[in-house]
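Taken in sequence, the protein lines are chains C and X. Just so you know, my numbering puts 78 at position 78 of the first sequence, and the rest follows in order with no gaps. Just so you know, my numbering puts 283 at position 283 of the second sequence, and the rest follows in order with no gaps.
What the hints contain is simulated information worked out from the structure, not anything from laboratory work. Please note: incorrect hints may appear among the correct ones.
Note that identical chains are pooled: a pair holds if it fits in a single copy or bridges any two copies.
Stated by the list, open to error - Cut-off 30 Å, straight-line C-alpha distance, at most; resulting in silico cross-link-like pairs (DSBU-like, lysine-lysine):
#, residue 1, residue 2
1, K130, K42
2, K127, K406
3, K127, K423
4, K285, K130
5, K274, K345
6, K132, K304
7, K406, K423
8, K132, K285
9, K304, K389
10, K281, K386
11, K243, K386
12, K389, K127
13, K345, K208
14, K281, K145
15, K208, K315
16, K13, K362
17, K79, K369
18, K315, K362
19, K315, K127
20, K127, K145
21, K285, K362
22, K42, K243
23, K304, K25
24, K285, K243
25, K369, K304
26, K274, K9
27, K386, K285
Number of protein chains: 2
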Amino acid sequence: MTPYAEMTKDEMKKELEELHAEYDKFQNLGLNLDMSRGKPCKEQLDLSMGMMDALYSGADLTCEDGTDCRNYGTLTGIKEARVLIGDMMENNPDDIIIYGNSSLNVMYDTISRAMTHGVLGHTPWCKLDKVKFLCPSPGYDRHFKITEYFGIEMIPVEMLPTGPDMDVVEDLVSSDEAIKGIWCVPKYSNPQGYSYSDETVRRFARLKPAAPDFRIFWDNAYGIHHLYDRDQDHLIEILAECKRAGNPDLVYKFASTSKVTFPGSGIASLATSKNNLEDIKEQLKNQTIGHDKVNQLRHVRFFKDIHGMTEHMRKHADVIRPKFEAVEEIFDRNLSGLGIGEWTKPKGGYFISFETLPGCAKEVVAHAKKAGVTMTGAGATWPYGKDPKDSNIRVAPTFPSLADLKTAAELFTLCVKIVSLEKLIAE
Amino acid sequence: MTPYAEMTKDEMKKELEELHAEYDKFQNLGLNLDMSRGKPCKEQLDLSMGMMDALYSGADLTCEDGTDCRNYGTLTGIKEARVLIGDMMENNPDDIIIYGNSSLNVMYDTISRAMTHGVLGHTPWCKLDKVKFLCPSPGYDRHFKITEYFGIEMIPVEMLPTGPDMDVVEDLVSSDEAIKGIWCVPKYSNPQGYSYSDETVRRFARLKPAAPDFRIFWDNAYGIHHLYDRDQDHLIEILAECKRAGNPDLVYKFASTSKVTFPGSGIASLATSKNNLEDIKEQLKNQTIGHDKVNQLRHVRFFKDIHGMTEHMRKHADVIRPKFEAVEEIFDRNLSGLGIGEWTKPKGGYFISFETLPGCAKEVVAHAKKAGVTMTGAGATWPYGKDPKDSNIRVAPTFPSLADLKTAAELFTLCVKIVSLEKLIAE
Chain C
1 MTPYAEMTKD EMKKELEELH AEYDKFQNLG LNLDMSRGKP CKEQLDLSMG
51 MMDALYSGAD LTCEDGTDCR NYGTLTGIKE ARVLIGDMME NNPDDIIIYG
101 NSSLNVMYDT ISRAMTHGVL GHTPWCKLDK VKFLCPSPGY DRHFKITEYF
151 GIEMIPVEML PTGPDMDVVE DLVSSDEAIK GIWCVPKYSN PQGYSYSDET
201 VRRFARLKPA APDFRIFWDN AYGIHHLYDR DQDHLIEILA ECKRAGNPDL
251 VYKFASTSKV TFPGSGIASL ATSKNNLEDI KEQLKNQTIG HDKVNQLRHV
301 RFFKDIHGMT EHMRKHADVI RPKFEAVEEI FDRNLSGLGI GEWTKPKGGY
351 FISFETLPGC AKEVVAHAKK AGVTMTGAGA TWPYGKDPKD SNIRVAPTFP
401 SLADLKTAAE LFTLCVKIVS LEKLIAE
Chain X
1 MTPYAEMTKD EMKKELEELH AEYDKFQNLG LNLDMSRGKP CKEQLDLSMG
51 MMDALYSGAD LTCEDGTDCR NYGTLTGIKE ARVLIGDMME NNPDDIIIYG
101 NSSLNVMYDT ISRAMTHGVL GHTPWCKLDK VKFLCPSPGY DRHFKITEYF
151 GIEMIPVEML PTGPDMDVVE DLVSSDEAIK GIWCVPKYSN PQGYSYSDET
201 VRRFARLKPA APDFRIFWDN AYGIHHLYDR DQDHLIEILA ECKRAGNPDL
251 VYKFASTSKV TFPGSGIASL ATSKNNLEDI KEQLKNQTIG HDKVNQLRHV
301 RFFKDIHGMT EHMRKHADVI RPKFEAVEEI FDRNLSGLGI GEWTKPKGGY
351 FISFETLPGC AKEVVAHAKK AGVTMTGAGA TWPYGKDPKD SNIRVAPTFP
401 SLADLKTAAE LFTLCVKIVS LEKLIAE
């Protein structure tokens with residue numbers, strides 16, 4: 001294919017005319033499709049319906065240690081759930097707190113607690129003039145919303161295929177005491193699907209922060225969310241690496257079963273060092289008597305162990321892998337060689353990241369919307385919703401049916417072509 | 001019976017000798033009983049096991065409005081749960097947010113949000129030099145722990161059988177801008193089992209706080225937790241009363257199903273005015289994508305409607321009423337006329353409040369502990385754990401078996417007698 005930029009203006013205009021005709025056809029279909037959020041589809045949810053039978057009226061809801069899961073208590077979660085989630089997170093069950101249904105909520109609470117009470121005895125952040133966070137970008141919009149809500153200044157850091165630009169991270173973290181944290185989705189990152197390289201993880205574990213209360217917010221949301229059976233990314237376990245590096249307290253690590261069982265009805269967890277755990281438990285005991293142990297037990301009885309969970313994740317992969325492949329096939333077929341966009345090809349997670357020509361993302365999303373396809377808002381992947389190049393679009397292939405997804409992807413590439421051409425013509 | 005205070009010292013000593021012999025017998029029993037926390041007993045938990053069958057692998061987990069409860073979303077809770085809990089709380093379903101498993105957590109979050117972001121646009125409490133709360137005392141220890149944790153100064157207000165001393169409440173609230181809230185358990189109060197009189201509720205709704213961001217924290221934890229079928233306390237609904245009084249934004253009202261279904265696996269809720277709800281939702285959307293809708297649906301499918309819930313609560317009453325009656329019978333039989341203690345006779349809730357002679361509560365609890373019966377720590381019912389008269393002990397009759405409870409209550413009265421006599425002899 002001829003790259004668009006090498007066409008003459010007349011060729012561009014002719015091409016644009018044909019594309020507009022095609023776009024009109026899409027508009028006439030009256031589509032109403034959604035590629036905006038990383039939501040599991042119905043077939044994925046159906047995979048966990050067996051969990052509804054894991055507990056029943058005749059079942060004994062007693063833990064191995066004799067705890068009646070139906071009653072109050074057990075602040076850090078039942079032992080067998082900490083073992084299962086420990087295996088999922090690659091952490092010691094004793095280094096884990098099991099929470100309620102949302103790891104986002106745990107992250108929010110962690111920031112909120114740092115604001116009002118500080119980290120490990122340091123000054124509460126709300127008493128400081130300025131608190132800053134590093135935000136590898138494009139990144140996860142809901143992370144950025146939390147820090148924005150608490151008035152924390154967000155500093156974007158470039159995301160490379162190996163993870164955040166560690167030269168920049170090291171430089172900033174070691175020189176600015178106001179920098180108190182960094183948001184990370186280290187495996188199958190949101191939205192790129194990148195996994196941090198060994199080198200990146202090692203450099204994270206060896207950070208020398210100017211602020212003693214600096215913490216890495218390590219949101220391992222997609223730790224076991226592979227698309228392929230063998231061709232999987234591997235991530236060095238961060239808590240162990242930090243311990244080896246003599247930096248045991250540096251990380252809060254988060255995970256959940258939201259995209260393993262049911263979003264909103266899973267269990268979330270935090271793993272961190274003994275010191276951090278004690279600090280958190282002292283606070284947590286004022287906040288709650290304990291989280292939903294019955295649901296913890298339900299998860300354990302359903303999966304039995306990590307092998308059960310791994311087999312379960314293979315079924316998820318079987319449902320969504322064709323969707324990722326379909327999107328990639330359509331992007332390849334329609335856009336390769338045109339020089340108007342680049343996209344990632346992740347081996348796991350929930351997203352594909354698309355880079356348009358500079359200044360095109362908002363228009364592409366608007367065009368798609370007008371023809372009935374909702375994408376994640378352009379800019380959402382950047383702090384304050386401000387994508388400096390207006391080029392990043394997060395593509396979420398999991399929720400629509402395969403047929404709908406193909407239609408949506410075709411339309412999306414069409415919108416990319418139209419907007420890019422209009423841009424090139426106007427130049 | 002002769003009141004102890006009217007005995008001669010010799011009579012007292014003789015009586016004490018006999019009591020000590022009796023106490024020794026208890027000690028030899030090697031008891032290990034717990035009357036410390038308001039926990040439902042096994043028989044109560046068994047009442048809700050049918051809820052484990054309410055959802056099953058073949059069930060359709062779709063809401064009436066088409067929402068798939070298994071997926072993300074629905075920040076304020078599914079409609080049918082808001083209807084059910086609305087009926088439980090006597091509030092409009094549209095004035096309610098359904099949360100996770102713990103109303104304590106909702107209260108904590110409400111305070112935390114006020115600290116970092118303020119109430120309805122007012123200055124965040126963490127930016128103020130001084131924040132104070134009124135604490136009707138004796139009261140609920142976990143309320144006091146939250147305010148203590150956030151460094152909020154707690155001012156005890158006397159609890160009368162009609163509720164907090166409203167002369168004092170009105171006077172303080174209208175004169176001191178630093179007073180930002182008051183903790184209330186308005187029905188079957190913790191620990192007395194008192195229900196606020198109509199007059200008290202009306203005076204609450206008509207408060208004229210000096211602080212525009214003053215809020216009543218109305219923890220209606222025992223709203224439907226009656227012991228008797230007809231002889232029930234009735235509470236004027238506070239949100240409606242506030243609206244009528246022209247004070248719609250004055251109250252945050254909390255409730256949960258923790259002592260209806262399973263503690264820790266129920267659903268919690270907050271009801272408040274439109275203005276407050278909007279304020280909270282703006283915050284909440286940063287904290288979570290939504291709470292556990294599957295568990296909300298499970299509750300709705302199990303109870304069907306408020307009549308189902310009411311019938312369910314009758315079964316709870318049948319289990320725990322004999323326990324309350326047994327404790328009262330033993331207190332009456334062993335202590336009436338001795339002039340060494342007073343206790344409440346609630347028609348609902350989870351507690352009986354016991355008042356010893358001044359300066360005896362700690363010793364009584366220690367004596368009981370030494371003989372193998374754990375009571376709520378003396379002082380726990382007061383802010384900072386400091387009971388100025390050292391006289392209040394919270395008695396929680398629900399958790400032990402009836403037989404154990406009787407033993408524990410007998411021992412408790414024995415300890416009251418011993419400690420009171422020792423005190424009178426030493427005077």
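**Message:** Name the hints, by number, that the structure is in violation of.
**Reply:** Going through the list in order, the structure violates hints 1, 2, 3, 5, 6, 9, 11, 12, 13, 15, 18, 19, 22, 23, 25, 26 and respects the others.
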